[in-house]
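Q: Given next are the chains, with one letter for each unit.
4 protein chains.
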Amino acid sequence: MGNGASVVEKTARLSIAVIGAGYWGPNLARNFRTGPAWHLAAICDLDIDRARRVADSVGGVPVTDDLHDVLSDPLIDAVAIATPARTHHAIVMAALEAGKHVIVEKPLADSGVAGREMVERAGEMGLVLMADHTYCYTPAVLKIRELIADGFLGDILFVDSVRINLGLIQPDVDVFWDLAPHDLSIMDFVLPGGLRTTSVAAHGADPLRTGKACIGYLAMPLAGGAVAHVHANWLSPTKIRQMVIGGTKRTLVWDDLNPQQRLSVYDRGVDIEQVSKGSAADARAAHISYRLGDTWSPALPEGEALAGVAAEFAAAIREGRSARTGGEAGLRVLAVLEAANRSLERGGAPEPLEPLEPLAVELVSGGVVR
Amino acid sequence: MGNGASVVEKTARLSIAVIGAGYWGPNLARNFRTGPAWHLAAICDLDIDRARRVADSVGGVPVTDDLHDVLSDPLIDAVAIATPARTHHAIVMAALEAGKHVIVEKPLADSGVAGREMVERAGEMGLVLMADHTYCYTPAVLKIRELIADGFLGDILFVDSVRINLGLIQPDVDVFWDLAPHDLSIMDFVLPGGLRTTSVAAHGADPLRTGKACIGYLAMPLAGGAVAHVHANWLSPTKIRQMVIGGTKRTLVWDDLNPQQRLSVYDRGVDIEQVSKGSAADARAAHISYRLGDTWSPALPEGEALAGVAAEFAAAIREGRSARTGGEAGLRVLAVLEAANRSLERGGAPEPLEPLEPLAVELVSGGVVR
Amino acid sequence: MGNGASVVEKTARLSIAVIGAGYWGPNLARNFRTGPAWHLAAICDLDIDRARRVADSVGGVPVTDDLHDVLSDPLIDAVAIATPARTHHAIVMAALEAGKHVIVEKPLADSGVAGREMVERAGEMGLVLMADHTYCYTPAVLKIRELIADGFLGDILFVDSVRINLGLIQPDVDVFWDLAPHDLSIMDFVLPGGLRTTSVAAHGADPLRTGKACIGYLAMPLAGGAVAHVHANWLSPTKIRQMVIGGTKRTLVWDDLNPQQRLSVYDRGVDIEQVSKGSAADARAAHISYRLGDTWSPALPEGEALAGVAAEFAAAIREGRSARTGGEAGLRVLAVLEAANRSLERGGAPEPLEPLEPLAVELVSGGVVR
Amino acid sequence: MGNGASVVEKTARLSIAVIGAGYWGPNLARNFRTGPAWHLAAICDLDIDRARRVADSVGGVPVTDDLHDVLSDPLIDAVAIATPARTHHAIVMAALEAGKHVIVEKPLADSGVAGREMVERAGEMGLVLMADHTYCYTPAVLKIRELIADGFLGDILFVDSVRINLGLIQPDVDVFWDLAPHDLSIMDFVLPGGLRTTSVAAHGADPLRTGKACIGYLAMPLAGGAVAHVHANWLSPTKIRQMVIGGTKRTLVWDDLNPQQRLSVYDRGVDIEQVSKGSAADARAAHISYRLGDTWSPALPEGEALAGVAAEFAAAIREGRSARTGGEAGLRVLAVLEAANRSLERGGAPEPLEPLEPLAVELVSGGVVR
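Residue numbers (our numbering), protein chains in the order written: chain Z, 69 to 438; chain Y, 69 to 438; chain P, 69 to 438; chain X, 69 to 438.
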């Protein structure tokens, strides 16, 4: 950028470096390598051999063990960060200072304070800060979001998510921080206005004495008397990935492990005829009716979610707008996780959750022009 | 009866009257009519036509609309009560005063105080007071109890129960009191020592504004860091009846809607080698291992659960012992439900649950001799 | 009928006697007892005690062990026959001679010749002869018939039916005659024009040496290159009741053991663009495309199939028309079963099946007036 | 082998070239590249660019478009052939003449005559000719083979295989040659003594007028009154991969699309007590009993099947023995497919199948010495 040659290139592709070559980095590298909007410019890891292995697996890309090499390269537009959560803040802030757009693996940061600083700095700099909430870009979740946005389910009554299996007990995080970010980021993505709960009650159990919760439940009241709930569990012998979203018009079941019918939309439910006068139980009971209609399972396109992540990141940069899973989405997820921590410390008491304060700086159109 | 012949008969069978001919009464009547230990002596209902219809359906039995007719009949040994919960206390107390053994539909009573009085009175009178926790006598639950008692699952780590479907919104009770008694009575039946939780957190939602919770979650810590959890829901378009019981040795899944494989026992799990010295996370992680063994699904006998209820009631009377789902089991279920009520009123805060005080009077052998 | 008294009665209810009080008779008795179009007049069985038990179970009905009592009663309009297949011909012929409308349990008769004689005699007499193909009156099969008739599936490409479980080995019939009548009568009911196959190849196996086939396969070519196939099996440890009906527009799967989604209609398939000129494989391949559309599961009403059988029998009598599962449907099923027998004797060679000759006598409007 | 240089090499690895870089070649290349017993020496394809792409994908391997380069290289011990079936004979014969061991993709050849010549030539040359029946090396099939060999199922009563989905209509082969080789090679692998049927009846349908069967059924009697059956279908909207193997002791169900429970072994069945005297149906019926025992699902190791193929190929070469899916297994599959063709031509008439004549030349120990 800044010289004639790069202008030509930029009309074609944005240039990105992947920071962190551990578990998730190779997936990012592969998708930025093959995504039509992107040029994968480098892989960066403190362990240069690890960086090299990832670079080889995608057909050969420059490697470095020095973050400065990446941040000081004027030809690099953006960085994708897949390092441990505790390092996100420092790396993201440095990248933003260097004028790079940033996509960062979930969770956005290891604390809400750190995350907020990152989001605000990105806003001030006019840069895109995107949370890599990969699940949101699966065909199933994109469809769910569309159905809800179109009013197909009606008003949301409840969201119940179960994510259980015999999982690896993580050395550094509990089952809430390991699994629930998926459920929370999906809820935030599909619910109109995002996941806006007024409190979080977290119930955890550590019956094997591993030092952290291996079984977890999150209960979160939503507006209008609705509720969201998550069951995350590392100790279940069977694997379940299921979310039920109940609405006044229809109810949707997403069974992610059933490739032949991932989404089912049931035209079944309870209709309450709201009567203005007379609120006695009997009167009310007389106005309850039950629908037992058809079930419909929409066809879903094939497609790797991370390809959608890469495309959205590029589009947000080019269009000078926030990403669909922007930094604020990441903050909302973090806020729930931190409230869950506090609830756990208080024995499961519901922990109030303040709505996020408006951020000082908004992304403005043209902000990507440096 | 009333002559020598009946003495002969009574050595063969116990005589019982069914009180209440509504939804559940016909089932009781049918099973006491056909059960080999019982003679069905009468059906009693304030609505004599309703009583008559039930009597006809089981081949003709005397009917009455006067409870006194039943309680004053010296040939009747026992009564089975299937009237609304709010009437249980008065009828049960009268029956006990009249020297009848009593079986009563769940919930035992509409309050813990009422229930406790009933249990104590039965003890004082040396009479059997049994809770009709029908599910406990299904082949599946009997097998679960046996497997746990034999140590086949090891120590219990968690119990997670889901009981959801598009259910009738009850006019008088919420989803906790309608559905959770099943889960709670089953847990009480299969867990060694019964369901003994130190607190109950209840999260309810009434998004349709029916005036009571239609969606409910119960979180209950168990001894040793374990947890029990119930999800009850009237608004789910799909029906699920599933309980997972995780143990240190094996984990059991009961899927009541899969008649071809109701019980599955998984030899899968996490093994933690407890090391006395060195509790650092790394050291601990080094001693975690995962088992991925076989799955086993025991064959279950056929059999209607209520037939088992009738048999157990007769056996308890004859043997002068408490029933396996005795009044105390009913009290433990009531205690959880009442704590759930209090938790709901406090916005989901965990509500402490005192262990039931020892009851003053114990059933003694010979108590059945009148 | 034919006299004033019966006219009065007919406006109210038709009168029927059930012949045979074994396995199926009680079901018939119950449904004719409760069906609004019927008056259950008598139960007839050679074993008068068995008749009496059935009569008691439906609230008391006259019984007899003499068929003549029934056939000579001028107030009885119709008989429902649930005796062994080998007795059908004699009883049905006698009933028709006596001017009774007849419904007869499947199979219609124990031979095509016998069945044909019955059908022709009913036609000559202007009486309804209905085959009790019960499955055809389930909500699922009625819906399938409707969908096909409406062209929703397009032209039928294949019908594949699997009916397997650990079944009782019957003393007198093989697995084809025990199970396949269900599949064949359903196919006959839902396929436009009935089940019209030009040949039947039957492959049976008797690996336990019971003296008859316990495992059976039927392959039946249909018009236009389509095929129907049945797999019937008494030795399967798992129970499957599934029929797939493939069409040019959509394909339907009926899974009778999945009460939550019995019918699924898939908008998936292969489209062949028919090109008039150029039939080379390459050219053809270029015109194949694949549809991967939505899945739809229609809601089905509740309802016992036999109630529908009773209603249809009454309607056919009143309207002077053939029943929807009339004698000819029974003959088509018999013709396939007899061809299967011949194929088995010839080691599985396909056995040609002539189209049924037109019957000499047609039911005419008004034929029911005697 | 037999000279100094190769002795050194052979203690380390066998050297192999992959011929054919189309659909299956990359999988072979990857597994021979990573398999510990193998050195991947070259990729050969007439389309050198295609060869190069495969070579790149496995980290760089010499490529050639000239088969002679491979066959004349004295350092290459073996070739893996993944070219169209019609070319197998010529390439395999040339490779054998050049002293190479050969593994060839299914089907072994495009005719039984061609296949037999290949097998005989390999025998004469003392070389291993292996059929790449990949499915046989999946953990599930290896377990099935072991269970049957250990007598766990008892005598085999039936094998029923269903392999249906919305499949690509192949330009050159029908559904029998496309899908059934999987079922047939698996049956051949797990049945003691291989798949030895005395006849094949094939029923095909081409309702879309594609010019070849898109729906197919194969019925094959086995010894002792047992039967094997295959249902292959390109037009099913749902995907099923299920094989049921019934035995006198137990019955096994393999559901390949259920990763949580691929294998289920049912201790359910029918027991016939064989009575020497008195063969009347009634007497026999009196000696039928039903078992309804437990279900057991063995844990299966993870592992890619092709890695097992590569290991078996190496072991057969080193040990101078036939491979477990050797050329003769390929011939038995071919024989069934050819008989199916003849049956189809004759309208589904069962086509007798002669047992394969003993082959003139047997692999002898030491035969691998060149």
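Keep in mind that the hints were calculated from the coordinates and are not lab data.
Errors might be hidden in some of the hints.
Because identical chains share one entry, a pair is satisfied inside a single copy or across any pair of copies.
Straight-line C-alpha distance at most 30 Å; calculated DSBU-like pairs for lysine-lysine [unchecked claim]: (1) 317 x 280; (2) 307 x 280; (3) 211 x 307; (4) 280 x 211; (5) 211 x 317.
Q: Checked against the structure, which of the hints given earlier come out wrong?
A: Going through the list in order, the structure violates hint 4 alone and respects the others.
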